[in-house]
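S.K.: Sequence:
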Amino acid sequence: MLDDDLIIRPAQPEDERELAVLNRAAWSALSDVSPEPPADDAVFDERHTPEQYLLAVLGGRIVGYVRRIPPTRLAANGHVRQIQGLAVDGTVRGRGVGRLLVEAVCDAARAEGARKMTLRVLGWNTPARRLYESCGFTVEGSLAEEFLIDGSYVDDVLMARRLVD
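Numbering-wise, our numbering puts 266 at position 55 of the sequence shown, and it's gapless, one number per residue.
Worth flagging that the hints you see were computed from the coordinates, not collected in a lab. Any given hint could be a false lead.
[What the hints assert, rightly or not] Simulated restraints on C-beta separations:
| no. | residue 1 | residue 2 | range |
| --- | --- | --- | --- |
| 1 | A355 | D215 | 42 to 50 Å |
| 2 | R220 | A250 | 23 to 31 Å |
| 3 | A286 | E344 | 29 to 37 Å |
| 4 | E262 | A286 | 33 to 41 Å |
| 5 | V375 | R310 | 17 to 25 Å |
| 6 | E247 | R326 | 32 to 40 Å |
| 7 | I218 | A355 | 21 to 29 Å |
| 8 | P224 | T283 | 22 to 30 Å |
| 9 | L285 | D216 | 34 to 42 Å |
All values reported here derive from a predicted model rather than from experimental measurement. Even glycine gets a Cβ: it sits at the ideal position worked out from N, Cα and C.
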């Protein structure tokens, strides 16, 4: 279980360095299609702003994040948000941080008026798929053999959760 001092809060520009360290530590071929980020890789830029991130902070240390974005700029799907990045520090995995982040990001999207949350997850990432399913996400589709990672073809699984009753 989690300690009582875990908080979920929006990211601030000054969180970038600590987020970069977490992002690099959490990188894995199990969950990432992009190459391992370099040590000096920036987290925030014109497409990745602090406002898109919610952080899990435990004992004053960032132990997780989730990033939400509109999936497109089209007004026709302005009611949808997409999880595009979830990471939890290995020292606290299995203690509910990921679940709290997913629930918090769904609550934040709902507060923005979103009706649906979507995400994409690699087919072989069983731990992430189990987490998302336990949070109410269902598979809406799959792109077979969408990625070639370390010599293996991997499906891109599309999942979603309704945010309204």
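S.K.: Against each hint, give a clear statement of whether it holds in the structure.
M.R.: Do the hints match the structure? See the list:
Judged by the Cβ atoms, the range 42 to 50 Å given for A355 and D215 holds: they are separated by roughly 44 Å. Between R220 and A250 the beta carbons are some 25 Å apart, a value that agrees with the proposed interval 23 to 31 Å. The beta-carbon spacing between A286 and E344, approximately 31 Å, falls within the hinted interval of 29 to 37 Å. Evaluation of the 33 to 41 Å hint for E262 and A286 yields a failure: the beta carbon distance comes to about 20 Å.
Between V375 and R310 the beta carbon distance is about 21 Å. The supplied range of 17 to 25 Å therefore holds. Taken as a hint, the range 32 to 40 Å holds for the pair E247 and R326, whose Cβ atoms sit roughly 36 Å apart. A C-beta distance of roughly 40 Å is found between I218 and A355, which places it outside the suggested range of 21 to 29 Å. Remark: the range hint 22 to 30 Å for P224 to T283 is upheld by a beta-carbon distance near 26 Å.
At about 41 Å, the beta-carbon gap between L285 and D216 stays in the expected band of 34 to 42 Å.
The structure fails to meet hints 4 and 7 from the earlier list, while all remaining hints are met.
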